[in-house]
Amino acid sequence: MKDSLFVLWGKRNPEYEIQFDEPLIKQFSDYGKGSNSGSADRAKILGAGYEVYIMAFFIGLYADKKIPLTDDHSKRKDLGHPLMYWGNQENRKNRKSYNEIIGYIFAALVAKTDIDFIGLEKGKISARSIIDQLIDTMEEYANYGFSFMLEKIDENPNYFFNNEAFLKIFISFLPKDHEEGKTWHSDDEPDNLEGDSAKDISNKDSEATSKTEEEADEL
Amino acid sequence: MIIKKITINNFRSYYGYNEFELKDGLTLIIGDNGDGKTTFFEALEWLFNTSTENIKATNISAKRKKELGDGDSDKVVVSIVFQHEDGDKIVEKSFEFTKHSDNIITSNFSFKGYECHGAERSLTDGKNLLDRCFDYDMRRYCLFKGENELNVFENDTALKALVAKFSDIREFDKYVDLASKMEEKSDRNYKRELKRDSKNEKEADELDKDIENLEDKIINAQKDLKKQQEVSDEFNVRIEDLANSEEIRAKYKQLQSRLTTLMEKRTHVANLSEINYNYKLLDDLWILCDFPQTLKSFQMKVSGANRQRRRMNDAYIEKRGRLEGQQDALKEITKNQQGGPELDWDIPGPQVLEEMIQDHRCKICGHVAPEGSTELEFMKQRLANYYKHIEEKTRKINEKVEETEKPLFSFNYLNELRTISTSLSGERQREIIQLRNVIADRIKFVVDRKEELKKIDEQIEELENDKKNLLIQSNLSEGIIEKDIKDWRGYYNQKQRADDDIYRLKSEIERNKEKLDEKEQEYSNLKPNTGMGKVYEKVHRVFFCVKKAFERARKDNLRHFIDKLTDHANNYLKRLNTGDFHGEVCIDVREDDRARIYLVSNGERIMNSNGALKTTMYMSILFAISDITTQKREDDYPLIFDAPTSSFGEIKEDLFYNIIDSINKQCIIVTKDLLYRDPETNTSKIQEQKLSNLKSFVYRIQKEEGFDSNDLSTISTHVERIK
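Those protein sequences? They're chains R and B, same order as listed.
When the letters of the first sequence are read in order and numbered with my numbering, they come out as residues 15 to 233.
When the letters of the second sequence are read in order and numbered with my numbering, they come out as residues 34 to 756.
These are calculated hints, taken from the structure and not from any lab test.
On a predicted model such as this, the values are computed, not experimentally measured, just so you know.
By construction, the Cβ of each residue, glycine as well, lies at the ideal position given by its N, Cα and C atoms.
There may be inaccurate statements among the hints.
[Unchecked claim] Under the rule of at most 27 angstroms between Cα atoms (straight-line distance), these lysine-lysine pairs were calculated in the DSS-like manner: (1) R/LYS58 / B/LYS313; (2) R/LYS136 / B/LYS548; (3) B/LYS313 / R/LYS80; (4) B/LYS483 / R/LYS110; (5) B/LYS433 / B/LYS364; (6) R/LYS79 / B/LYS313; (7) R/LYS182 / B/LYS483; (8) B/LYS259 / B/LYS214; (9) R/LYS136 / B/LYS352; (10) B/LYS588 / B/LYS548; (11) R/LYS138 / B/LYS334; (12) B/LYS429 / R/LYS136; (13) R/LYS40 / B/LYS313; (14) R/LYS110 / B/LYS477; (15) R/LYS182 / B/LYS487.
[As the list claims (entries may be wrong)] Beyond 10 angstroms from chain B on every Cβ pair, some chain R residues (computed): (16) LYS25; (17) LYS89; (18) GLY101; (19) LYS126.
Isolated chain R (complex conformation) (with noise of 0.2 angstroms):
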């Protein structure tokens, strides 16, 4: 029998360009320590390396921006940890896994990705062929994210050392509140998400989310 798409895809490594390894990928998380690194690593503000790829991918997504890798191999390089590992190795105090996240990425990078759906039922096109473009799209999307957050600490060294920073670039994908003008969208520093009163967030396109909701009914 033959794999799913999802477990094809969740044995694949995804790869990143090597040149956002120091700046942010071993300077946020514990990635290259080892798992019973020492105190040193609770400075880290993610845990394991992929939390700052999941980062950067959503970032990407949300913007809708994606930046194809070089194409020089070399210059490229993966987590060693395959997709359907991601979130489910989080032994951090406090921390909990959170598995069920592979799913949402493989279903933004479908939703995200031109599939040949008829080709691939038929036989025409190979399941791997999906797979790599799956992965193609993934990688852009992070590749944006990443440099994304890379003009961010160029801008502003310890930018992502705030406990709301992610969080604010986040809502500030969300859909504007119009009636107040209020927007969530990032500075050079991040505000004081909390100051800026949490009822904006609910606020913010209620019509837009109840449509939303209406027709994720319907399917």
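With chain R fixed as given, assemble chain B onto it according to the hints.
Showing chain B alone in chain R's frame:
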């Protein structure tokens, strides 16, 4: 001795000549901090101290010293005019000071006294006059600085001295001593005579041993008793000290308990407000807050692809159906080649053609078609073509049918995607859509908690400040208070043990004394046989009774004195605490005539009496001492207090002054009570209303205006009688 006037000249802040006329009752001298209250008090202390000259330059007014030119002189003088027995008397203590090249030289100390007889007055020695009119020993009961000095019996010899001076015990002591000596001598002789008698010798020896033994026991028990009393006193002092700070400890414990509760709450709220948003983004999938649109796209895409697949598949199946129909039709044709349905009249079917070929005749036109004719060949050819065509068509349809028997799609990956899509819809999808609200709620929750935390921190700071102020006011460290809380029980237990021992030892002493008396009685019962022995027996018996009588009388006299003192003190205590709880004064006299004063209620000692009650207790004792040590009003002496009411509340304070005002006793009280701070001028003002109720003389002392806060030589006390 009733003081009528006090003059102070150039004594420290009392620059130049200052005069206080006093009332034979209460005189109040009111001043704020630094206005010269304590200086007034110390000027009198200096005057009443007849043991030293003390002409230190530090007692000279700095302002006056500065004013002096080189070689100029002036005098420091403190004097009182007082009424005593037959007329007014004056004592005046003074010394000169001279400025020499910026140095002050003091000289010519003088202590003069004057006795006035009508308009005349005669000079005498000030020290002698003062000692004569105001007994040196009594001066310890006259001047009191603050509340802490009021307990005069803190000094172990105080009661002894008081009793010795003002009761008749001293007279008894002489007789007790004499009677004891006589009794001792007669006893010795009597016993000696007894032992000469062989009949009594053995018994007397045994009694001697018993008596010696009992006396040893009594002495040892008395030693132990003294020791235990010291232990009890020591722990009593500690407990009293702790009792003084009981209110502070209670407040401290209350503050500490509230602080602990708040700190626990703070930790809880801090934990709630401490949230790692990065972990939330991942672990709680907050990162999917903007995912609904993408999810919708995914679902629509999968759904669309599935629809397309389904449509294609349906079309494919339909097509196969059609082919199968055709195949069936051809099969039918083939099957009907014999006896099948006829063709139309103008289209000869295969059966007609075969008949026409067999008959050699065309059934359509009726022409004969003989063997070998073109018509017959045509008909044969047509029939052959027909069969060939049918065969060909059947083959093709069979091929197509065979082809459509294979499925259109080899794989069904879309089914997998549809399953994923379904799994991400419904409740999970709703959760994703709700994420933005969840995040907003959580952020609001954190903001609220941080606000709460701020308030808690403010409360903690407030409590910490209260605690700090409490420690400053009580002059205790946190460590000491904590230790006191722990020590309290220990001290109490140790005192209790000592008191139990005291009770036991007292009983033991009493028992042994009774036994001793019995033994002495047994001794007395031994009948001497010699003539001298009988004489000694009678003599000894007389002296024994005389000694006992004097001892009892002395004891009764002391008890009577103490009872009188206690009665007077309780009378004052009651008046000074009118309308308030006060208990009763108890003067506990020890074996060695030392005394301890405390309050009792229903026979139980009050351990944690408040500061004001304690102060009024000590004052009551002082008034009582003054009462019973002065036979006549003229023999009375003034009581001079410096700030005696610092532990009083405002109501207690008012009551106190009104009562002191009504007591027939000269009191001079130096205080900052009855002042209030005027917020407009930021200066202290007298509470006129309260003064109007008093009959006393009232002086207001305050620093002369225009002084330099850094220059002592600009300070002088202004004295003004305001009532």
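**Message:** Hints numbered earlier in the text: which of these fail when held up against the supplied structure?
**Reply:** Failing hints, ascending: 2, 18, 19.
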